[in-house]
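**Q** Sequence:
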Amino acid sequence: MADHRRVLPIFAVFLLLHCVWGEGKINQNALPNENSNSQQEMALERQKRIETRGNGQFANAINMQQQPRQPAGAVPQVPAGGQGQGNMQRQGNQIGGGGLAFKQNPAVDYKSPNRSPGSFQQQQQAAHPTPPMKLAENPDCKEEIKHYCSHNLANSMSNNFAVLDCLQNDLKENQQLTPKCQHVVYDYKRQLTTDVRFDSAAFEVCKDPLSKLPECNKLQQGGGEIIPCLIENMENITNQNCQLFLKKMASLIFSDYRLIKNFVERCGNDISRFKCGRSEDDRDDSPHNQGRTIKCLERHYSELDEGCNQQIMRVAELQSDDYHMDRPLYFACKDDREKFCRDVKAGHGRIFKCLYKHKFERTMSAECQEMVTLRQKLVHADYKVGHALAEGCAKDIKMFKCAKHARDHQNQPGRLSEILLCLENERKKGKKVSAECQSEMNNWRRSLMEDYQLTPEVAKDCSTEVTQYCDGGTERGGKTLHCLMDLARPRERQFDKQPRISEQCLRALEGLIKVADAAEDIRVDPSVMQACQPVASVLCKDVKPGDANVMACLMDKMESDKMTDECEERLVEIQYFVARDFNLAPRLYRKCWKVAQNYCGVQDWRTEMSENERKKRPPGFVLACLHRKFKEMPKDHLQKDDISRQCALEVKRVMHQRALNVDLEPRIEEPCMADLATYCSQETEKGAEVECLQDNYDSLSDECQEAVGNFTEDEDADIELDKILMKACMPMLRTFCQKEMEDDRDTGEVMECLIKQKHSPQMDLKCAAGIEHHQLITLKDYRFSHKFKEACKADVMKLCKNAKSKSQVVVCLSEHMRNDTLLDKVQRLSAKCLSQLKFELLQRSESIKLDPDLLQSCQEDIDHFCPDKNAGNAEVTECLRKKNPKKLSSSCRSMLFKREMVMERNPSVDFGFMTYCKSMVKHYCQDEEPSNYLTCLKRHKNEDNFDQKCRRKISDRQIEQNRDYRLNPALKSACTMDIPKFCKAVLQNKKSKDEDFEGEVINCLKTPYRKGRLSKNCEDQIGQIIRSAALDYRQDPVLARACEKELKAYCSEEVERVQNGQGGKGEVEECLKNLVKQNKIKPKSDCSNEVARILVEGKTDVHLDPILHQACSADLRHYCDGIEPGEGRLMSCLLTALDDRTIRLTKHCRILLQQRVDLWEYAAKIAPPETAADLWDQVMGSPSRNHFLLIIFAVISVMFIGGLCCGRVTKRVTAQAKNK
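When you line the sequence shown up against mature numbering (1 follows the signal peptide of the UniProt record, and there is no 0), it's residues -22 to -1, 1 to 1198, in that order.
Since the hints were derived computationally from the structure, they do not count as laboratory data.
Do not take every clue at face value.
30 angstroms max Cα-Cα, derived BS3-like pairs, lysine-lysine [what the hints assert, rightly or not]:
1. Lys190 with Lys376
2. Lys630 with Lys607
3. Lys816 with Lys717
4. Lys158 with Lys185
5. Lys457 with Lys196
6. Lys803 with Lys962
7. Lys861 with Lys876
8. Lys1062 with Lys959
9. Lys705 with Lys522
10. Lys253 with Lys373
11. Lys609 with Lys572
12. Lys535 with Lys457
13. Lys373 with Lys407
14. Lys407 with Lys376
15. Lys734 with Lys664
Label pairs and their computed distance ranges (CB to CB) [claimed, not checked]:
16. Ser515 with Asn674: 37 to 43 angstroms
17. Ala772 with Pro709: 34 to 40 angstroms
18. Pro192 with Pro512: 56 to 62 angstroms
19. Arg606 with Asn797: 33 to 39 angstroms
Heads up, the beta-carbon is just placed ideally off N, CA and C, and yes, glycines get one too.
Model the full structure from these sequences, guided by the hints.
**A** Right, here's the structure in full:
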């Protein structure tokens, strides 16, 4: 019984329709089926739907109507010129700006204050004097209705509503009614809209909704306002019977603007202004032209007066549920609906959604595409015109008060963009938006990205660009929009004197991408989807769509071989805008918006920046701000604060992605546009533009220099920003620096690791070249070396304010380090800076290219002496160091000497030494200070298991040290007092402080050494030098220089073995000694004097003659045990044993010792003593010194005794004579 009561009102409605629109059995044609596939199916559906209602209860239903009715089928006659008047009123709180009312019958005064209760029926009867008539029997329409509708309606020709439905919906494009019939149909519909019985029916079928809508319930029946009020509130009505009734009534209203009360009054001016009306002679009321005035005004919706605009938008809103209500679109898309949306059920805007989806299908008709596009534009102006969006997001819009914000914003109520921004803003704050609403949002985002014309700002502000550069906007599926995006990239316009895109167009594109949130999901951008879907299906097949996941994956895989050029271009076009606006990067915003609000002044996501704010905050400001903040933030804070840590990781990831293309680095691209055009126009490789700017750093503009400098510093701290280097070195990173990468270090340690492994045998050549390029770039400014800058910036500001380039800073700091060391002062450099400075010095010694000062000073010498040497691996530097200093130019000799001083004082910064001796240092000197590495290895170099290459390198360094005492820190320190005392003349003869002494000072100290006059520490150092020189003649530069010719003539084999590292056991000196014995060295020559010197030095102590010491080691242990070394005591012991026939020395020792005695005699002949002191030294050093002393004593004794015995020889003289 309850079910019977629920369906009863709708039966009454259809009976009313039957009575008013035609007598006879209600046919199924009265209700069209929106899912029909053909006209025949539509007819069958109508029959089925009507019959299911049950005709048996219509009589009871009609008895419930209290209002009188006219005879069924009557066609009222309207006086000529009768145009209804009334007011379009705003009902309740409805958005849209005014109530929608049917146009009243001009013959009836519904609001007359003198109208009596019974006058309404009388006036109704007076208004309809003509007898009732069915439309199918009207003389002006009879034949046409029979021709067009007989095959669809079958036996329902007597039903006026079925006929009207046929004429409105079923006529084909080429089927037209005659003007007379069109006018009959129009007048019939107009009279129906003011029939009081429809209001009564509305009160029955919509009883419950009316009770909840007081603004509609209080309206007077017969005024033509109740049904329009219900239609305006249709989105709030859930009663299906009421909805069905209202939809049928709405289809009548929206077919012609003249049926809408006050439409002409509110839109009259705009109708005239845009020529959307009809002339007096134009009485075309054909179904296919129904609603064309409304459609014309819709095309100019943004230019309409406010009242008319509200009318148009409200009409569009009410049409949004069913596409039948939009008459022009219905007829334009009739065939397309069958083609693309055959299985889509009408209602709730589903047909509209289907047509939107297929708008750019090539088989869609141009007329339908135009109508669909116009409909989408209206949705952009008022989101309620999009029924599916308004319905799907109703709760979310209400919850977040998006409609209120949209009304308040720019006085443009209900803009789609504002609704989308509001909803997305809440979602980005972590609030939940329903899945249905998100789906609808994405549908409209896709539509916006698919057709630039849907965004009024883009269509208006970019019209010139579209016409000139984008084929007039004819390209489909978002291609025109991406064409505009491509124009926005300054790298595409850098050679033009004038930009190819205006600022207004650029701002419009930014706004569109923000509304569409294009970077959040590639599916909303058809161009990106088409270009990148095949790539994503391979590279990102396991990535979940949404939240920018796929977009991030594709950006991470940009360098993959499977990445296509087209996909890359589309991605960069989108990312160009994303890189310039923090709000457009979904993942970055989600993870960092709280941090950005606290530290970077970021406002609400949807808030647009003013022009002043844009000037203060250049593109990419927020990312740069976050990056700077995290560099300054202590690491322990990041570990404790999860939000900051997550944001820092995301900032790092985004920076890695954007480093691939300079277009995505606004902090470089904006200030360097002119420099890119000047220096880097030919660079096409990924990341090559930044490298090009770095190579031309000194020539860049100041603003560009600063930008490139900041980026280069970041590169050094985070190697992944250098895409070219990363591409070349990724395998090497996995091999050598896996630990540094796993620790997620971002302080330059990964780059430092690569530099240390640069010359490893496993190092790839391309990677090594990339490392060296990075090193060369960092030379331009010390800030480019992140760790160096962080460790030494305070020291640089204090001690090296005037230094500009990194090489100048390194020189300055190293000089302070050296001076403090020499003067035994506390180091002024901090411990961190000292450590990092040593690493920089090690890099400098590795390649001549990394030492621009030395390279400049020695360029000619390098070309002459070292043309075949590589710049790296210290080859050029080693080549120059081995050359005779006198052969080098003065500038080169001076600069090279400075470098040698630094490296000799701290061998750990000597790349050549550390390369060959690193393992020996680790084995023998692990506990030693780095400055003592060379001294330590000297003590062990003659051990059997010592590395041969390292031994040769140590010999090279000893040769250098013996050339100039200043290169031997230990000697200089030990002989500080002895050198000025004994070698003052040598020091005074020196012309320049940077000129080496060529061994003269050390040679000078050997003389007092033989006499035992040196201090203990200095004596030890000189003794070590003499012993080393005895094994390797090259460590005695004075001897080597004096005997150069003799060595070449007589000792070439021995010299060659020494130079090849196969000698070094005293062979060369033995060769020279034999030459002396054989008289092959010219007496009194420099060479003979030097050989005599080394012979005399050998007499001082057996330890100074390594060959003799080794041959007699057993004898020394046996016969001289207990004798303290030094002052010739061990040598005297051996000589005594040689003279003692009772002592049998070992054969080799005896022979070698006898040879030494003979050589000393030859030495005495070659170099006789020049002074009494030399004579005394020679006597005291002679093996027969006791004999000489005895003779001297005997002579003195004889003279003394003779004087005592013989008396005076002279005559005695008196004292007076002496005093005269």
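**Q** Starting from Lys705, check that the Cα of Lys522 is at most 30 angstroms away, please.
**A** holds, 27 angstroms
**Q** So if I understand the rule, the pair passes when the alpha-carbon distance is 30 angstroms or less; does Lys803 with Lys962 pass?
**A** holds, 26 angstroms
**Q** Going straight from one Cα to the other, do Lys734 and Lys664 come out at no more than 30 angstroms?
**A** Distance ~27 angstroms between Lys734 and Lys664 Cα, so the pair holds.
**Q** CA of Lys253 to CA of Lys373, is that 30 angstroms or under?
**A** Distance ~40 angstroms between Lys253 and Lys373 Cα, so the pair is violated.
**Q** Holds or violated: are the alpha carbons of Lys861 and Lys876 at most 30 angstroms from each other?
**A** holds, 16 angstroms
**Q** Quick check: does the Cβ-Cβ distance between Ser515 and Asn674 fall within 37 to 43 angstroms?
**A** holds, 41 angstroms
**Q** Does the structure keep Lys535 and Lys457 at a Cα separation of 30 angstroms or less?
**A** holds, 24 angstroms
**Q** Does Lys630 pair with Lys607 here, judged by a C-alpha cut-off of 30 angstroms?
**A** holds, 12 angstroms
**Q** Is the straight-line distance between the alpha-carbon of Lys816 and that of Lys717 30 angstroms or less?
**A** holds, 23 angstroms
**Q** Confirm or reject the claim that Ala772 and Pro709 have a C-beta distance inside 34 to 40 angstroms.
**A** Given about 38 angstroms between the Cβ atoms, the range holds.
**Q** Tell me if the straight-line CA distance from Lys190 to Lys376 falls inside 30 angstroms.
**A** The given pair, whose Cα atoms are some 19 angstroms apart, holds under the 30 angstroms limit.
**Q** Is the straight-line distance between the alpha-carbon of Lys158 and that of Lys185 30 angstroms or less?
**A** violated, 39 angstroms
The structure shown violates the earlier hints numbered 4, 5, 10.
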